[in-house]
Amino acid sequence: MFLRTSLYYQAFDGGVIPISVYAQIFPQLLEGAFVTIQLLILSAILGFLLSFLGGIGRLSRIDPIRWISGFFVEFLRGTSLLVQLFWLFYALPLLGIKLAPGLAGILALSLNYGAYGSEVVRGAIQSIPKGQTEAAIALNMTPRQQMWHVILPQAFRTMLPSFGNLFIELLKGTALVSLITIPDMTFEASAMRTNIEANTPEIFTLLLLMYFVIGYPLTLATRWLERRFSVGRL
Amino acid sequence: MRRLKRNRVGHLISKGSERVSEMTENNHVAVAEAPQSNQEQTEPIVRYRKVSKSFGDNQVLKEVDFDLYPGERVAVIGPSGSGKTTMARLLMTLEKPTSGTIEVDGRQLWHKEVKGKLVPADEKHLHEVRGDIGMVFQHFHLFPHMNILKNVSVAPIKVLGLSKEEAEERAKTMLDKVGMSDKLEAYPANLSGGQQQRVAIARALVMRPKVMLFDEPTSALDPELVGEVLDVIKEIAAEGEMAMMLITHEMSFARDVADRIVFFDEGRIIEQGRPEQIFTAPKTDRLQEFLKRFELNGSSS
Ligand SMILES: Nc1ncnc2c1ncn2[C@@H]1O[C@H](COP(=O)(O)OP(=O)(O)OP(=O)(O)O)[C@@H](O)[C@H]1O
Ligand SMILES: [Mg+2]
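Protein sequence lines correspond, in order, to chains A and B.
Going by our numbering, the first sequence wraps up at 1625, each residue one higher than the last.
Going by our numbering, the second sequence wraps up at 349, each residue one higher than the last.
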């Protein structure tokens, strides 16, 4: 209560021209934005790698690899991200493994979105006509070469739109980590709200705008990539 | 060249199956002429022994014995579903035989010898033996994300380990041979079917296989594009270096190009012999029936 009042009045005490409420909120949200972006980039990279690991694993000719990746993918897709986050942050330490909040956040995000991503990878690989693999075999390519030079470059083009969507989903998903004390953008907004409740509309309007400002370039970037990877297609 | 060809006929008759030896007078003369000194060359490059293949309950190949000799050109004809494609796919290792053995250049393809016993081949073994075989598919299967030059040079680089320069040089030579050297930068999607198939032929040739499989290379093409592809294949066949197995419904092409015609029906070789004999004096009812159907379809031109 006290903080709220002081902040509120401070805005008007600042000078002849009242400092805008937004100027008050923005720097603090911006601090959170850096945390959000860090989370986004790190979990995107890890999630991307996990997507390929899981997706290719589920198509492996080796049974145990297929079973294990299948189990992990289905389990992670079938349970809530929030609960996974809580499990890593609250339950795991009691089992003797204590993760820093940031690490727990990145791990939960990349595992969860990696599981969705691996379905994207699997679907895209399976969408490549069998004739492509057969042509590669006829040229005596090894299974690895078939995958690397023939299947994945084509499948990647198919994956891009879905990966673009997942990337934006991931950005939105990062908001959940505020619940395990990571000071991301949403955390900062919530913190400010408890302090200056009267400005709640401004805080959350600005928060929405800032998510959009981060997210929209991602959309544009995926479109650009899609165009770049569509060489040779009519 | 001429001598080689005569030898080939000789091998056919001395080593081929019984049906082959039931051939015309001329061929028996050829047997007498076949020089004994080249005996080591008489080993088949490919040898199918009692090869069977089933898909579920459907037995597609029934204990097929078939030999292909170095440099020999065999056309495989037969009704739809008779197992022609399956024969080729087993040799290309795209399908695994249910039973029987296939030898390539004296080595087991689907088996490998461990302590004197034949055990199923692993990927490494397949990789070693498969290098002798190349295949051209009905639907080309070019790599859509690579331009033409890359389509033809990727395997020489990655599989044969050639340098990029060497591989591209080789690729260009092959593309020149099939009349596609002006399209190096084009992508498959921008080519006609006939052009795509010619690139696919160059892509297979560039690996210098000892045996080339053609599975109905013109069946997916518009009629006006068939000729250009057949011409390219005829040209390659005339060089006479590779053994070729040509699965085709183009009877006049088979007659022109092949040293031997093999007629398949219901998973078995029903009749085989020299083109003249097969087309002018078919012995079995089934082959007569099959060829008659063909004339009715207007392929006599
Ligand atoms: N992968 C597969 N799974 C199940 N059945 C198959 C498979 N491949 C082929 N067959 C069956 O095997 C039989 C022989 O097929 P194949 O393609 O070898 O015939 P073909 O002589 O090449 O015929 P066509 O002239 O139509 O190409 C057919 O009945 C076909 O349905
Ligand atoms: Mg066929």
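Hint data in this document are derived by calculation from the structure and do not stem from the laboratory.
Where a beta carbon is used, it is the ideal one built from N, C-alpha and C, also for glycine.
Treat the hints with care, as some may be off.
[Said to hold, decoys possible] Partial chain B-side listing against chain A, Cβ under 7 Å, derived:
#, residue
1, Gly154
2, Gln156
3, Lys160
4, His187
5, Leu197
6, Gly209
7, Leu210
[Said to hold, decoys possible] Derived BS3-like pairs (lysine-lysine); straight-line CA-CA distance at most 30 Å:
#, chain 1, residue 1, chain 2, residue 2
8, B, Lys340, A, Lys1521
9, B, Lys165, A, Lys1521
10, B, Lys198, B, Lys160
11, A, Lys1521, B, Lys163
12, A, Lys1521, B, Lys198
13, B, Lys198, B, Lys98
Against the structure, the hints come out as follows:
Among the interface hints, the one on B:Gly154 is violated; its C-beta lies about 18 Å from the nearest C-beta in chain A, farther than the 7 Å criterion. For B:Gln156, the suggested interface contact is broken, since its CB lies about 17 Å from the closest CB of chain A, more than 7 Å. Taking 7 Å as the C-beta contact cut-off toward chain A, the hint placing B:Lys160 at the interface is violated, the least distance being around 17 Å. Nearest Cβ of chain A to the Cβ of B:His187: about 6 Å, under the 7 Å cut. The hint holds.
Residue-level restraint check for B:Leu197 is violated (minimum Cβ-Cβ distance to chain A is 13 Å; threshold 7 Å). With 7 Å as the threshold, the beta carbon of B:Gly209 stays out of range of chain A, its nearest partner Cβ sitting at about 12 Å, so the hint is violated. The beta carbon of B:Leu210 is not positioned within 7 Å of any beta carbon in chain A (closest approach about 13 Å), and the interface hint is therefore violated. Proposed proximity of B:Lys340 and A:Lys1521 is contradicted: the alpha carbons are some 35 Å apart, above 30 Å.
Only pairs whose Cα atoms come within 30 Å are accepted, and B:Lys165 paired with A:Lys1521 is rejected, the gap being roughly 33 Å. About 34 Å separates the Cα atoms of B:Lys198 and B:Lys160, which puts this hinted pair outside 30 Å; it is violated. Restraint check: the Cα-Cα separation between A:Lys1521 and B:Lys163 comes to about 36 Å, which exceeds 30 Å; the hinted pair is violated. Pair hint A:Lys1521 plus B:Lys198 holds up; C-alpha atoms about 20 Å apart against a cutoff of 30 Å.
As the CA atoms of B:Lys198 and B:Lys98 are separated by approximately 40 Å, the hinted pair breaks the 30 Å bound.
Violated hints, listed in ascending order, are 1, 2, 3, 5, 6, 7, 8, 9, 10, 11 and 13; each of the other numbered hints is respected by the structure.
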